[in-house]
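Listed here are the chains, written in short residue letters.
There are 2 protein chains.
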Amino acid sequence: MTSHYYVHGYSERESVRLSDQANTLEELLHSDTKYPAGSMVLEAGCGIGAQTVILSRNSPQARITSIDISEESLDKAKERAAGQGVKNAEFRVENIFDLPFEDESFDHVFVCFVLEHLKEPVKALASLRRVLRTGGTITVIEGDHGSCFFHPETEAAVKTWNSLVEVQAKLGGNSLIGRQTYPLLKRAGFTNATVSPRMVYSDASRPHMEEGFVRRTIIPMVEGVRESAIEMGIIDAATFDHGIADLYRTAGEEGTFNYMFFKGVGRK
Amino acid sequence: MTSHYYVHGYSERESVRLSDQANTLEELLHSDTKYPAGSMVLEAGCGIGAQTVILSRNSPQARITSIDISEESLDKAKERAAGQGVKNAEFRVENIFDLPFEDESFDHVFVCFVLEHLKEPVKALASLRRVLRTGGTITVIEGDHGSCFFHPETEAAVKTWNSLVEVQAKLGGNSLIGRQTYPLLKRAGFTNATVSPRMVYSDASRPHMEEGFVRRTIIPMVEGVRESAIEMGIIDAATFDHGIADLYRTAGEEGTFNYMFFKGVGRK
Numbered sequence: 001m002t003s004h005y006y007v008h009g010y011s012e013r014e015s016v017r018l019s020d021q022a023n024t025l026e027e028l029l030h031s032d033t034k035y036p037a038g039s040m041v042l043e044a045g046c047g048i049g050a051q052t053v054i055l056s057r058n059s060p061q062a063r064i065t066s067i068d069i070s071e072e073s074l075d076k077a078k079e080r081a082a083g084q085g086v087k088n089a090e091f092r093v094e095n096i097f098d099l100p101f102e103d104e105s106f107d108h109v110f111v112c113f114v115l116e117h118l119k120e121p122v123k124a125l126a127s128l129r130r131v132l133r134t135g136g137t138i139t140v141i142e143g144d145h146g147s148c149f150f151h152p153e154t155e156a157a158v159k160t161w162n163s164l165v166e167v168q169a170k171l172g173g174n175s176l177i178g179r180q181t182y183p184l185l186k187r188a189g190f191t192n193a194t195v196s197p198r199m200v201y202s203d204a205s206r207p208h209m210e211e212g213f214v215r216r217t218i219i220p221m222v223e224g225v226r227e228s229a230i231e232m233g234i235i236d237a238a239t240f241d242h243g244i245a246d247l248y249r250t251a252g253e254e255g256t257f258n259y260m261f262f263k264g265v266g267r268k
Numbered sequence: 001m002t003s004h005y006y007v008h009g010y011s012e013r014e015s016v017r018l019s020d021q022a023n024t025l026e027e028l029l030h031s032d033t034k035y036p037a038g039s040m041v042l043e044a045g046c047g048i049g050a051q052t053v054i055l056s057r058n059s060p061q062a063r064i065t066s067i068d069i070s071e072e073s074l075d076k077a078k079e080r081a082a083g084q085g086v087k088n089a090e091f092r093v094e095n096i097f098d099l100p101f102e103d104e105s106f107d108h109v110f111v112c113f114v115l116e117h118l119k120e121p122v123k124a125l126a127s128l129r130r131v132l133r134t135g136g137t138i139t140v141i142e143g144d145h146g147s148c149f150f151h152p153e154t155e156a157a158v159k160t161w162n163s164l165v166e167v168q169a170k171l172g173g174n175s176l177i178g179r180q181t182y183p184l185l186k187r188a189g190f191t192n193a194t195v196s197p198r199m200v201y202s203d204a205s206r207p208h209m210e211e212g213f214v215r216r217t218i219i220p221m222v223e224g225v226r227e228s229a230i231e232m233g234i235i236d237a238a239t240f241d242h243g244i245a246d247l248y249r250t251a252g253e254e255g256t257f258n259y260m261f262f263k264g265v266g267r268k
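Heads up: the sequence lines are chains A and B, in that order. Each residue of the first sequence is one higher than the one before, starting from 1 at the first, in the working numbering. Each residue of the second sequence is one higher than the one before, starting from 1 at the first, in the working numbering.
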């Protein structure tokens with residue numbers, strides 16, 4: 001669930017401290033998820049705990065169970081949570097496809113940047129649905145690398161960006177999954193699903209977005225697959241590096257950058 | 001300014017009457033443009049008057065001068081405006097690049113779906129800037145065909161979509177211009193430019209968007225370039241038609257569709 005690629009990209013994001021809080025990814029993606037006091041929340045695929053900390057901050061009275069298949073990631077998650085004073089989250093090594101919890105054990109399920117890494121996302125959602133109580137909600141957040149477009153759009157930048165999509169596909173994931181959030185929730189049996197796209201846009205009038213999102217989140221995420229992409233024969237080193245240099249220009253004086261996240265909420 | 005392609009696409013849109021007003025393109029793109037009573041507004045490239053009617057409705061006390069280079073389009077615009085009771089718009093055949101107005105004649109300039117058809121968009125903006133008074137605003141609205149992504153994403157659907165982009169490029173336009181709104185405004189000398197992306201998203205839970213936007217606006221726009229795309233050798237008829245059939249699936253039970261418009265406002 002947590003490849004090197006994943007950890008690199010999203011741990012980098014965590015180091016980002018943007019000046020304009022209203023425009024941060026955290027605000028954009030998480031501010032409308034608040035769980036009531038006492039509610040039992042399952043965070044599936046918590047990785048290194050980047051979202052756990054946010055969940056805990058927004059729902060300080062909820063009881064969060066955060067699981068991941070990687071013990072190594074969970075160790076980092078525990079350390080991070082402890083460092084940030086998280087008191088209402090418990091961490092457990094568990095497999096989404098083989099959950100040890102009883103039927104209807106949780107009031108809410110939260111899954112963020114996880115389905116993109118799974119070969120069988122509907123099966124994962126159905127497994128999570130089993131442990132959700134009737135009437136409870138599932139919240140799914142995913143990006144979509146196919147939503148990305150930028151200016152200037154050079155051939156090298158596009159090739160380098162696409163190598164990111166191909167690497168994840170070869171690892172058995174699907175980085176174009178965001179657009180499928182609605183049909184996936186429906187196929188897994190959730191009802192009343194609603195999906196809201198969340199867009200990130202930067203130009204030179206939004207320097208904090210250029211810095212926080214493009215230079216410090218997106219480009220490091222792409223750089224994180226450099227070795228894999230070259231080893232897998234998807235792209236040569238020179239083109240990749242040229243593409244990275246061109247991507248930096250999209251955060252420059254004349255540049256613009258666009259990316260879309262999707263947030264879906266379904267009910268059991 | 002108004003190719004057959006243009007007229008077909010956007011006149012088709014005009015026939016769309018959506019049930020949920022809050023989600024119409026009109027609401028999305030135009031609701032935040034309201035000019036004060038008595039202000040002089042230049043609408044440059046009004047085409048068949050689709051936006052003139054909206055401008056007039058939202059700013060009934062402004063004095064609108066709507067120009068287009070095509071007399072044929074203007075005749076349709078006049079007819080449409082008369083039919084919808086527009087009383088505050090005057091229509092004139094004029095060339096954006098050679099405006100007969102004195103410097104600083106207008107309080108506001110409005111340009112919607114025009115720059116995408118021009119070989120020299122910055123020159124057009126600079127020409128419009130000349131006739132704008134100091135302190136006045138320019139509003140630019142453009143789509144970006146490269147912002148489009150959908151599910152299911154078949155090879156034929158992507159090829160057919162891309163043929164739309166290529167046809168417009170061969171006609172001297174740039175249908176990927178939306179993302180450039182900010183740098184274009186800056187290069188033309190406008191200050192305090194702000195650009196806000198406006199996203200259209202549809203899935204099966206939003207049937208009015210699937211019907212009004214995907215089936216009745218987007219797909220007819222693509223169908224409008226069928227003959228040109230085939231004649232220009234960009235795509236063969238069988239692939240194009242296959243692509244159209246696949247695009248209809250993006251408005252089906254399992255489909256999703258995404259498209260981005262950009263609205264920029266600059267000041268002289």
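Check the hints yourself; a few may be wrong.
As the list claims (entries may be wrong) - Chain B regions said to be covered by chain A (calculated; three or more residues, Cβ under 8 Å):
| hint | stretch |
| --- | --- |
| 1 | 141-154 |
| 2 | 174-180 |
| 3 | 198-211 |
| 4 | 254-260 |
Don't read these hints as lab results, they were simulated from the structure. All values derive from a computational prediction rather than experimental measurement. Glycine included, every Cβ here is placed at the ideal spot set by N, Cα and C.
Has the stretch 174-180 of chain B got at least three residues whose CB is nearer than 8 Å to a CB belonging to chain A? Three-residue rule met by the stretch 174-180 of chain B, so holds; n is 3.
With a C-beta cutoff of 8 Å, work out whether three or more residues of the stretch 254-260 of chain B approach chain A closely enough for the coverage to hold. holds (count 5)
Given that the stretch 198-211 of chain B was listed as covered by chain A, double-check it with a C-beta distance under 8 Å for 3 or more residues. holds (count 5)
Checking C-beta pairs, does the stretch 141-154 of chain B have three or more residues closer than 8 Å to chain A? As far as the stretch 141-154 of chain B goes, the hint holds, because 7 residues have Cβ atoms under 8 Å from chain A.
In terms of the numbered hints stated before, the structure departs from none.
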